[in-house]
Amino acid sequence: MTYNEADHPRDEKGRWVDKNGNTENDSTNQEILKGGVEVNVYNESPAQILYKGSIIKKEKEKIEGEYKNILFQTLGKFVTNTMMLYYNIDQLEKKIKELHLEEKLKQNVSKATGKVKSFVDARLAWGGRQVKNFIKKRIDERDIEKNAKDIGKKYNVLKNQAAKVVFGEDAAGMLDISHDKVKDRSYLEGVFEIPNYKDERFKKYQPYLENKISKQFAHYGTNPNDVKGYYFGPNAKASVNMAQDSYMQQYVKDNKNGFLNNDLKKTSIDFKAGNMYYAHHLVDVIDYQFDSEGNLEILIADTNDFNENEDNKLVQAGDIAMKNKELKPQFAIKHVIIPKEKLGELWGKY
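The numbering used here runs 76 ahead of the 1-based position in the sequence shown.
No lab work stands behind these hints, which were simulated from the structure alone. Be aware that a few hints might be false.
To be verified - Using 25 Å as the maximum straight-line C-alpha spacing, the simulated PhoX-like pairs for lysine-lysine come out as follows:
no.	residue 1	residue 2
1	Lys222	Lys235
2	Lys170	Lys240
3	Lys170	Lys193
4	Lys134	Lys153
5	Lys348	Lys240
6	Lys279	Lys342
7	Lys213	Lys170
8	Lys399	Lys235
9	Lys291	Lys332
10	Lys404	Lys222
11	Lys229	Lys208
12	Lys153	Lys187
13	Lys313	Lys257
14	Lys134	Lys191
15	Lys416	Lys170
16	Lys404	Lys274
17	Lys213	Lys389
18	Lys213	Lys144
Kindly generate the complete structure, drawing on both the sequences and the hints.
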């Protein structure tokens, strides 16, 4: 990794500064820190934009909200402010299992509306361990070339939905946006495209990006200038999910002194299991700072290359699909925010 803390000085408040010690004049970095400007990447028509806020979407959100309330009702006295503010459905269900409240949840769901019951039944049917294991076993047993076609040119909406269930939302999302036609554009809400590593908005990180892209895509014969990227703002699904990931939070916890003293030594995160493992596995921390409210902002970078020497059939299949140009080389920068309240939980008094 080329990132060097010494090359990115900060003032006494932890804010990035230029070589002259200025903080306010760098409008490019200020825009990135504020979440950037959301760009209509696909040049959608007004009708398509309105469709995103249509009755279908509102109905889905309403059902999910009702089910979330049932989860809170089931947890009862165990509900915390952190859960109310930051936990998603998967995390609440996990907490219920940890507290052995599954039967209470079943009773509460039985009193819900038919649509909520159907929603829960679908989650149970698709989310069952047996289904996940069956699909993973099928991938291991199948010919690698067939797997490559399935995640390459034969990738479709159904395969994307299955990937979400089996491997996780971000694993599916990062694979999805590696195709010419994205199947689920909701993953790109709060996101804008970066034409290549030379984008002036990310001038500060150009040396890192050029080196990273050149190295990671060398065996594909890719021209670094042709590799586009995505910037995921703080409110994008991917950024929020990463902020809530247990490995991410453990990394923040373990590196308390580095963040507080502007002397971060470990600048990579290893996601060893779950959604982020399949989405990224290893990522680089390319910058960080505390905002005016005491929240920790972290910029994470990664590329979507596949290790050609990996002893994993799914990775091998991805490598083949990219060599066949059925997947596009790209990089991602994710703007992750760890709220001040969460830092208090992780670090105690500081």
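Numbered hints the structure breaks, given as an ascending list: 4, 9 and 18
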